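Protein chains: 2
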Amino acid sequence: MSGFGDIVGGNGRDSRPFFNSRWVEAPVDFEELDPSVLPRGFRAGAVHCGLKDDGGTDLGLLVCDEPEVASSVLLTRNAAAAAPIRVCRDHLKQGSVRAAIVNSGNANAATGEQGLADALAMRDAAGIALGLDTETVAVAETGVIGVPMEMDRVLSAIDGLAEGLGECGGIEFSEAIMTTDKWPKRCTLKSGGVTISAQAKGAGMIEPDFATMLCFVQTDAIVSRPEEALRRAVDASFERITVDGQMSTNDTVVLQASATSGLDLPDGLLDAVLLQLALEIVADGEGATRVGRIEVTGAADGEEAELVARQIANSPLVKTALLGRDPNWGRIAQAAGAALAGSDIGELGPDVISADELAGEQREAELGLKLDRGEGRAHVYFSDLTHEYIVINAEYTT
Amino acid sequence: MSGFGDIVGGNGRDSRPFFNSRWVEAPVDFEELDPSVLPRGFRAGAVHCGLKDDGGTDLGLLVCDEPEVASSVLLTRNAAAAAPIRVCRDHLKQGSVRAAIVNSGNANAATGEQGLADALAMRDAAGIALGLDTETVAVAETGVIGVPMEMDRVLSAIDGLAEGLGECGGIEFSEAIMTTDKWPKRCTLKSGGVTISAQAKGAGMIEPDFATMLCFVQTDAIVSRPEEALRRAVDASFERITVDGQMSTNDTVVLQASATSGLDLPDGLLDAVLLQLALEIVADGEGATRVGRIEVTGAADGEEAELVARQIANSPLVKTALLGRDPNWGRIAQAAGAALAGSDIGELGPDVISADELAGEQREAELGLKLDRGEGRAHVYFSDLTHEYIVINAEYTT
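Protein sequence lines correspond, in order, to chains A and B.
Read in order, the letters of the first sequence correspond to residues 1 to 398 in my numbering.
Read in order, the letters of the second sequence correspond to residues 1001 to 1398 in my numbering.
Fair warning: there could be bad hints in the mix.
Claimed, not checked - Quick look at which bits of chain B chain A covers, simulated, 3 or more residues with Cβ under 8 Å:
1) 1104–1113
2) 1270–1280
3) 1316–1326
4) 1331–1344
5) 1389–1395
What the hints assert, rightly or not - Listing some non-contacts, in silico: residues in chain A with all C-beta distances to chain B over 12 Å:
6) 37
7) 47
8) 113
9) 192
10) 266
Please keep in mind that the hints were generated in silico from the structure rather than gathered at the bench.
Remember, it's a predicted structure, so these values are computed and weren't measured experimentally.
Every residue, glycine too, gets a C-beta built ideally from N, C-alpha and C.
So here's chain A without its partners, still in its complex pose (with noise of 0.2 Å):
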């Protein structure tokens, strides 16, 4: 639709090795198993309740049978947060998270108090169905915002959602959580003796369910600091990436170790799946037919690293140059001296910026940026900016 080509790579085509991305450092040691699988002590599964009129699965449920779980969670900062990041943060214990319920669909936002309740009868009934202690189940929603749940077709659904869980579940329950993926984002991974599954859902804004990220990732390993694992993980994937610059109302990332394995999960596994998986979504961002890397060096501090190259990374003339392949380093200097406004940089040119891959073939650019006032870094990843954003976006009425 675009007309500017095909995206290339995408996970989930499962004819593609998962680590994909040169910017990934997949382990030493792995083998990719059908993702379908999940590490032992992990059941999913799908249903079509009736929320997405296509008739797919649109409820998704996934279970930990280990009572000792170790988890962690994180939630949207978006102050406007739907209903069901409201229920996890304030209704969840998040370091026990035995199951977690989804839909897709309907996000659950902007909906007020019946929407609260509405998260909280989802979460309840799963978590009877299972027999759990209905705090250790989160609850994530993704769709349209603004819409009253159609409850009466989630929570009939759900009894028998919880009776047909399986070992296998892992591809059932990738496809339940997508609203406008065009591919599944998923993977399931041997290394060290232990197993790490992941289903993500991302890029889509069509309902508009604003780019909505959900993340899941099981393993068998003992995690000793989930919430630390999870979060540095996170900072390094879904929090460097950028589609439009928005932030979502339900974003959710949640881990889950059972510990069945008896062994330690092994250094950079999550990180590697987690970025891989965050690449997954900037590529499938909406309309997206490139994804580039800008790398800003020699900032004041990281903090200031950062803030540059956000700027650069949500510039639409920086965006647009990516898809058109235009080396044109001009627009770096110029988003770069927005970022540090009221300060001054001096001009910067093409000594210092590396914008040569935005011409070149390749479907990943890595682009940088040198500046001259001290040691912070940072890197960000962004997709290019299409004419299939706009017709997503502007061709659609609620």
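On the provided structure of chain A, position chain B as indicated by the hints.
Below, chain B alone, put in the same frame as chain A:
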């Protein structure tokens, strides 16, 4: 080209009245003159020196013949500011600006030491040709960046240009400063016994000049505090607009008052002129078909209100909703929530968001958001995001 209909309004399409926006309070009593007419004491003119390939005028000169001119200059805060900005910042008597020399075609940005020398040489040549202290001559440039100036063309044209200045040079000057503007932005008004004229350009980025905004204002009124008057008018006009959230390396506004009328500038006249010109620039934003105004009230303070208003105005989701005539209040809620990330403003719904005019037929859409955090308020004007923006910015290669 956009397929979404033409801009209906537009100053400088001289058949329309200058004041044509619902958001501008025109003076109670005024007469609109031919925009070629300049206030007493001013002369202007333009030539084609060879920077523009299409043969259009690309070098303009404006002078106040009264030695006791009162003036003020505002310059971009972009940290990577262009050579002419540096010259005006460091070497201009900003309170006594007699003349302005302007080229369109080359922004003289990211051109290093040579660029700085060129901007000084251009200024010096104009000052000498006019017999003025060179530190009373402003220099402004707009066009491609990172390309050395063809100074021989500029310098060899200046003497002839200076000789040909006329009291009716307003139209000529306004056209010489245009780059990708679709229409000139200018006016000459008589009100309360004084005359004020102004010429502005903005909008285009094709080459890529980063939507550089230039504006020159002349009046024969007494302006006793020109800095204060200009700052106030710019704060309410050029500082309140956004096309794509980018800040130019070259933005310049110059106000000159000759006092030859012996009368004070009527209250609000400068503000009305600059606001109308600012709205013309938004309406002529790259590919723009509609203009929105978002007013945020009830923020904790003015700064917070502005932060929220800008996040909404720069949201590509809101911009595409303006294009698509989608009364999508959820996108306003999401942007507001993102602006205030980390705090909790509850879910925002249609009870506090006015988004109906997104769907209207009018060219100017008024939007609102009422927060419940204090007395802070702010508003921002913005354009929609269209296919033509992408065509303009992606399908051009340096």
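Do the hints match the structure? See the list:
Counting residues of the region 1104–1113 of chain B whose CB lies closer than 8 Å to any CB of chain A gives 4, which reaches the minimum of 3, so the coverage claim holds. Coverage of the region 1270–1280 of chain B by chain A is violated [criterion: at least 3 residues with CB-CB distance below 8 Å; count 0]. By the rule of at least three residues with a Cβ nearer than 8 Å to a Cβ of chain A, the coverage given for the region 1316–1326 of chain B holds, with 8 such residues. Here's how the region 1331–1344 of chain B fares: 13 of its residues keep a CB closer than 8 Å to some CB of chain A, so the rule of at least three is met and the hint holds.
Here's how the region 1389–1395 of chain B fares: 5 of its residues keep a CB closer than 8 Å to some CB of chain A, so the rule of at least three is met and the hint holds. The beta carbon of residue 37(A) is kept farther than 12 Å from every beta carbon of chain B, the shortest such distance being approximately 36 Å. Remark: the non-interface label on residue 47(A) is consistent with the geometry, its nearest Cβ contact in chain B lying 27 Å away (cut-off 12 Å). Some Cβ of chain B comes within 12 Å of the Cβ of residue 113(A); the nearest lies about 9 Å off, and the non-interface call is violated.
Distance check on residue 192(A): its Cβ is at least 37 Å (rounded) from any Cβ of chain B, clearing the 12 Å threshold; non-interface status holds. With a cut of 12 Å on Cβ distances, residue 266(A) stays outside the contact zone with chain B, its closest approach being about 33 Å.
In terms of the numbered hints stated before, the structure departs from hints 2 and 8, listed from lowest to highest.
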